[in-house]
Amino acid sequence: MSTRIDNLRSLIRVNRDVPAIPFIAAGFVLLVLGLIGVARVIFEGHEAVYGVTRQVPWGLLIATYAYFVITSTGLAFIGGLGHAFGFHQFAGLSKRIVLLAFIVLLAGFTQIGMELGHPFRLMYLLILSPHFSAPIVWMGIFYGIELAILGLELLVIFNPAGTNHKLAAILGFLALVVGVLATSNLGFVFGSLTARPFFHGIYFPTFLVVSGIAGGAALLLLVYNIVYKFNVPEQFKEAMNSLGKLMGLCISIMIFLSFWKVLSSLYTEPQEAYDAVITLLRGPLYANFWIGEVLMALVLPLALLIVSKAREIKTMGLAGLTFLIGMFFTRYDFIVAGQLPPMRAGNEGSGVETINGLMHYTPSSGEWMIFFLGLGLFLFLYFLSERFLILDADAH
Amino acid sequence: MEKKRYAIVLDTKKCLNCKACTVACKFENYVPVGDDTYRIWVTELPLQGKFPHLHQDFQPSQCQHCENTPCEKVCPTKATFKTPEGVVLVDYEKCILCKACMTACPYDARFVSEHHEAVEKCTFCMHRVSEGREPACVETCPVRVREFGDLNDPNSRVSRLLSSRPYMQLKPEKNTRPRLFYVL
Ligand code: SF4
Ligand code: SF4
Numbered sequence: 001m002s003t004r005i006d007n008l009r010s011l012i013r014v015n016r017d018v019p020a021i022p023f024i025a026a027g028f029v030l031l032v033l034g035l036i037g038v039a040r041v042i043f044e045g046h047e048a049v050y051g052v053t054r055q056v057p058w059g060l061l062i063a064t065y066a067y068f069v070i071t072s073t074g075l076a077f078i079g080g081l082g083h084a085f086g087f088h089q090f091a092g093l094s095k096r097i098v099l100l101a102f103i104v105l106l107a108g109f110t111q112i113g114m115e116l117g118h119p120f121r122l123m124y125l126l127i128l129s130p131h132f133s134a135p136i137v138w139m140g141i142f143y144g145i146e147l148a149i150l151g152l153e154l155l156v157i158f159n160p161a162g163t164n165h166k167l168a169a170i171l172g173f174l175a176l177v178v179g180v181l182a183t184s185n186l187g188f189v190f191g192s193l194t195a196r197p198f199f200h201g202i203y204f205p206t207f208l209v210v211s212g213i214a215g216g217a218a219l220l221l222l223v224y225n226i227v228y229k230f231n232v233p234e235q236f237k238e239a240m241n242s243l244g245k246l247m248g249l250c251i252s253i254m255i256f257l258s259f260w261k262v263l264s265s266l267y268t269e270p271q272e273a274y275d276a277v278i279t280l281l282r283g284p285l286y287a288n289f290w291i292g293e294v295l296m297a298l299v300l301p302l303a304l305l306i307v308s309k310a311r312e313i314k315t316m317g318l319a320g321l322t323f324l325i326g327m328f329f330t331r332y333d334f335i336v337a338g339q340l341p342p343m344r345a346g347n348e349g350s351g352v353e354t355i356n357g358l359m360h361y362t363p364s365s366g367e368w369m370i371f372f373l374g375l376g377l378f379l380f381l382y383f384l385s386e387r388f389l390i391l392d393a394d395a396h
Numbered sequence: 001m002e003k004k005r006y007a008i009v010l011d012t013k014k015c016l017n018c019k020a021c022t023v024a025c026k027f028e029n030y031v032p033v034g035d036d037t038y039r040i041w042v043t044e045l046p047l048q049g050k051f052p053h054l055h056q057d058f059q060p061s062q063c064q065h066c067e068n069t070p071c072e073k074v075c076p077t078k079a080t081f082k083t084p085e086g087v088v089l090v091d092y093e094k095c096i097l098c099k100a101c102m103t104a105c106p107y108d109a110r111f112v113s114e115h116h117e118a119v120e121k122c123t124f125c126m127h128r129v130s131e132g133r134e135p136a137c138v139e140t141c142p143v144r145v146r147e148f149g150d151l152n153d154p155n156s157r158v159s160r161l162l163s164s165r166p167y168m169q170l171k172p173e174k175n176t177r178p179r180l181f182y183v184l
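Residue numbers (our numbering), protein chains in the order written: chain A, 1 to 396; chain B, 1 to 184.
Pulled out of the complex, with its shape left as it was, chain A reads as follows (with noise of 0.2 angstroms):
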């Protein structure tokens, strides 16, 4: 029994060094705002407190989804390289990695819960009536057994008795294949719309991917910050460092493909992926493309992370910062321009309503409420646990 008691110990802990209580109390606060939301839903409908339309089906909760769990298998990604693949500077990380991971992956079902109109509807027909030729089971699938393995790796990690580091390696391994296969499968859920040519292709389950590991890598970057106060400790200056160059090695492949992507939209006109493109490049979503995507997302972090050389982590860790902000441009961008080419033109007698020939979306306050639930669950249980867990692993 004493025993037993020691081994809990050796997990928990109240850590007085970390600044977690002020992200604990804003994430309370986000988390109260967004149960009010979630009331809201459930008394007034769907359809009266969301801001989309038939026109626009998926607005910012779709994006929020997409924004945390292509984030969470970015984690998953750089926890694997760092059990599986020998990549040991990212050992020493692997109880945040895996934490956050986990976190944030259930950050992003609250998203996907509150949007589908009968979620538990689906929890059951994904056994009953399965449609597997449709992404969205796999989607489902994907997403569920990664949650099952990362819940499972935290199990492993967190055992009292000490970590079984050959499983957690197979755990990290398969976290890290499911997610890519999450994540990619994503990218063909919006490829497999007939009617939005500017999702088709390669180019977003690449791009998903990729980025989410880049997001990853930021996530990590702004944490240790956080954590250590700006500064961090001799021990995970390693760890830092290729966490820097593997998110500058990722922005740099996501300059490239974007630049495709836009060049070859733009070229000749290819129609619907040709206006979706003119939405960001000087259309209704110029200044989140400009400003949040180009800058925030590629050009000042990738500056960052040149000017840090890698090696000052404060400057890495801003990266970070500006990075996640910008990603999620990226991802509330990617879906918005993909719906606003109408399907029909919006002249008289056809119940379309355009603006410049183009459908229109402006997020509501309930949906941002829903999005502040997704927030708020985030920082509330993950600085909840930076508050009482030790999660310095050991390397192994």
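A couple of the hints might just be wrong.
[As the list claims (entries may be wrong)] Cut-off 30 angstroms, straight-line C-alpha distance, at most; resulting in silico cross-link-like pairs (DSS-like, lysine-lysine):
#1 B:LYS94 with B:LYS14
#2 B:LYS50 with B:LYS14
#3 A:LYS261 with B:LYS73
#4 B:LYS3 with A:LYS261
#5 B:LYS171 with B:LYS78
#6 B:LYS4 with B:LYS19
#7 A:LYS261 with B:LYS50
#8 B:LYS171 with B:LYS14
#9 B:LYS14 with B:LYS4
[Stated by the list, open to error] Some chain B residues flagged as far from chain A (calculated, every beta-carbon gap over 10 angstroms):
#10 ALA24
#11 LYS26
#12 PHE27
#13 GLU67
#14 PRO84
#15 MET126
Read the hints as simulated data drawn from the structure, not as lab findings. All figures in this text were calculated on a predicted structure; none of them were measured in a lab. We put the CB at the ideal spot given by N, CA and C, even for glycine.
Take the given structure of chain A and dock chain B with the ligands to it, following the hints.
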């Protein structure tokens, strides 16, 4: 006996834009009132020519009951399905309201129904067809713009129209193979 292949053939040159079909559909199918809740529509196409020689066409339309069916392909629960006659329907009890079908449909033919708590759209009025009646829009039209029938029956009105007149379909580049035909 060969199974039926239902289709609608429209002769839009006759259309008066009276919108009787849209009203009939609303009443027949209890379609909720609202700007975004409609199964069929009559689009006023842009004016052609220069004053005083002007001309305008109207284009009534609805779900195309695509043979290559984008909405059905992405539906995760088989809520959207095709009958043997090729009519695309939604089983409201199975719809989870993921709205993938709405984003996949190239004709913007679907919407969320608060009444059914599911996605709905034109059903070719299968509840009437099974009783030997025509869809409400077909029956109501004062100038008979639409004909409904079986493409596999060479003597049906739809087959005879398509064998005697040139026709077009909406968005052929999407390769959806619609069951709505517009004779020219
Ligand atoms: S028109 Fe739209 S709703 Fe109708 S069958 Fe085709 S894709 Fe489905
Ligand atoms: S909204 Fe309903 S009918 Fe449409 S794809 Fe989802 S489950 Fe199927």
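Checked hints:
With a C-alpha separation of about 39 angstroms, the suggested pairing of B:LYS94 with B:LYS14 is violated against the 30 angstroms cut-off. Annotation: proposed proximity of B:LYS50 to B:LYS14 holds, straight-line Cα distance about 22 angstroms (limit 30 angstroms). The straight-line distance between the Cα atoms of A:LYS261 and B:LYS73 is roughly 26 angstroms, inside the 30 angstroms bound, and the hint therefore holds. For the given pair, B:LYS3 sits about 45 angstroms from A:LYS261 by alpha-carbon distance, which is inconsistent with the 30 angstroms threshold.
Distance check on the hinted pair: B:LYS171 and B:LYS78 sit about 25 angstroms apart at the alpha-carbon level, within 30 angstroms; holds. Distance hint between B:LYS4 and B:LYS19 is fulfilled; the C-alpha atoms sit about 29 angstroms from each other, no more than 30 angstroms. For the given pair, A:LYS261 sits about 41 angstroms from B:LYS50 by alpha-carbon distance, which is inconsistent with the 30 angstroms threshold. Using a Cα cut-off of 30 angstroms, the hinted pair B:LYS171 and B:LYS14 holds, with the two alpha carbons roughly 22 angstroms apart.
Using a Cα cut-off of 30 angstroms, the hinted pair B:LYS14 and B:LYS4 holds, with the two alpha carbons roughly 27 angstroms apart. Under the 10 angstroms C-beta cut-off, the non-interface status given to B:ALA24 relative to chain A holds; the minimum distance is some 16 angstroms. No Cβ of chain A approaches the Cβ of B:LYS26 within 10 angstroms, the least distance being about 12 angstroms, so the stated non-interface status holds. The beta carbon of B:PHE27 sits about 17 angstroms from the closest Cβ of chain A, which is more than 10 angstroms, so the claim that it is off the interface holds.
Every CB of chain A is more than 10 angstroms from the CB of B:GLU67 (nearest about 13 angstroms), matching its label as outside the interface. For B:PRO84, the non-interface assignment is confirmed: its Cβ lies about 18 angstroms from the closest Cβ of chain A, beyond the 10 angstroms cut-off. Under the 10 angstroms C-beta cut-off, the non-interface status given to B:MET126 relative to chain A holds; the minimum distance is some 20 angstroms.
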